[in-house]
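*Asks:* Take a look at the letters that make up each chain.
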Amino acid sequence: MAKKVQIRRVNPKKVDTCKQATALILDYLTGELDPKTARLFEEHLMVCPDCVSFLNSYKETIKFTRSLSYEDIPSEMKKRIRRFLRDNIR
Amino acid sequence: MLIQRVKAGDQKAFEAIFNHYVSRVYRQAFKLVGNEADAEDVVQEVFLLVYRKAKSFLGKSEFSTWLYRLTANAALTKLRQRKKEKEVSLDEYFPKFRKDGHHLVRPVVDWTQDIDKFVAIKEYSQIITEAMEQLSPTDKAVVMMSDMEEMSNPEISETLGISVQAVKARLHRARLSLRGRLTSHLGYSPT
Numbered sequence: 001m002a003k004k005v006q007i008r009r010v011n012p013k014k015v016d017t018c019k020q021a022t023a024l025i026l027d028y029l030t031g032e033l034d035p036k037t038a039r040l041f042e043e044h045l046m047v048c049p050d051c052v053s054f055l056n057s058y059k060e061t062i063k064f065t066r067s068l069s070y071e072d073i074p075s076e077m078k079k080r081i082r083r084f085l086r087d088n089i090r
Numbered sequence: 001m002l003i004q005r006v007k008a009g010d011q012k013a014f015e016a017i018f019n020h021y022v023s024r025v026y027r028q029a030f031k032l033v034g035n036e037a038d039a040e041d042v043v044q045e046v047f048l049l050v051y052r053k054a055k056s057f058l059g060k061s062e063f064s065t066w067l068y069r070l071t072a073n074a075a076l077t078k079l080r081q082r083k084k085e086k087e088v089s090l091d092e093y094f095p096k097f098r099k100d101g102h103h104l105v106r107p108v109v110d111w112t113q114d115i116d117k118f119v120a121i122k123e124y125s126q127i128i129t130e131a132m133e134q135l136s137p138t139d140k141a142v143v144m145m146s147d148m149e150e151m152s153n154p155e156i157s158e159t160l161g162i163s164v165q166a167v168k169a170r171l172h173r174a175r176l177s178l179r180g181r182l183t184s185h186l187g188y189s190p191t
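In order, the protein sequences belong to chains A and B.
Sequential numbering of the first sequence, starting at 1, is according to our numbering.
Sequential numbering of the second sequence, starting at 1, is according to our numbering.
Since the hints were made in silico from the structure, they are not lab data.
Any given hint could be a false lead.
Label pairs and their in silico Cβ distance ranges [stated by the list, open to error]:
#1 A:K79 - B:R80: 43 to 51 Å
#2 B:R5 - A:E71: 28 to 36 Å
#3 B:Q4 - A:M46: 52 to 60 Å
Chain A stretches covered by chain B per the calculated footprint, using a threshold of three residues with CB under 8 Å from any CB of chain B [stated by the list, open to error]:
#4 16-24
#5 35-46
#6 79-89
All residues carry an ideal CB built from backbone N, CA and C; glycine is no exception.
Hey, can you work out the whole structure from these sequences and the hints?
*Replies:* Spelled out as structure tokens, the structure:
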């Protein structure tokens with residue numbers, strides 16, 4: 001017997017307001033919105049310069065966070081930790 | 001595999017693991033705890049745990065994943081002890097909306113167009129770093145893992161023991177707060 005194929009219907013989310021659009025930014029940026037909601041989101045952007053500005057600054061914030069750089073472990077500290085471990089694991 | 005030799009008490013194998021991973025563990029710890037002294041404590045604790053708990057590493061995941069989890073947990077414990085003293089509300093940096101659902105303060109300024117004119121890169125780093133300090137330990141860990149370590153949401157969920165949905169909610173909240181702080185620093189309404 002042929003197996004029934006179940007098509008999962010996804011109800012698109014509403015994107016009538018900036019509040020609704022803002023709540024979808026994360027999923028929009030990772031491509032996790034269903035295609036219809038993504039289209040509604042983009043349609044909202046086309047008529048809402050405030051949300052375009054907001055989205056740009058949200059993306060820029062991620063860029064800044066990604067660009068933070070950190071120093072390597074100081075060599076003196078590495079020596080101290082090595083000594084500490086030598087004294088504590090025997 | 002080195003960790004198998006550590007299980008058998010091989011000190012040289014442990015030394016090799018330490019040399020190979022210490023810089024990575026330190027950087028991961030520093031990103032969360034934010035200062036050298038606490039990062040040093042975390043690194044000490046993590047490698048002590050590696051030695052003492054080597055037998056509990058069953059090899060179901062990569063050694064580096066296990067090590068990362070030990071580091072995140074040790075750093076979060078450190079952070080939670082500290083955070084008990086100060087708890088800051090992030091609400092003032094979240095976007096605000098009118099009753100009809102549109103932005104409360106309009107126009108929303110797109111500062112990304114000319115930010116370089118006003119703020120040096122070093123200053124951004126300082127603002128973001130300070131803003132990260134105000135996040136709850138778990139929110140901070142989520143941002144760090146997602147935006148700095150480029151881990152996937154399921155990986156973060158597994159490392160922190162929270163649902164993927166919770167990871168996404170915390171990540172979005174934290175980014176909104178960081179964005180609000182940057183916007184406010186530039187003299188615009190964060191809403």
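*Asks:* Now tell me, hint by hint, if it's right for this structure.
*Replies:* Hint check results:
1. A:K79 - B:R80: 43 to 51 Å: About 29 Å separates the Cβ atoms of K79 (chain A) and R80 (chain B), which means 43 to 51 Å is violated.
2. B:R5 - A:E71: 28 to 36 Å: 31 Å, holds
3. B:Q4 - A:M46: 52 to 60 Å: The hinted range 52 to 60 Å holds for Q4 (chain B) and M46 (chain A), with Cβ atoms some 58 Å apart.
4. 16-24: It holds, with 7 qualifying residues against the three required.
5. 35-46: That given contact is violated, which follows from only 0 residues of the segment 35-46 of chain A lying within Cβ reach (below 8 Å) of chain B.
6. 79-89: holds (count 7)
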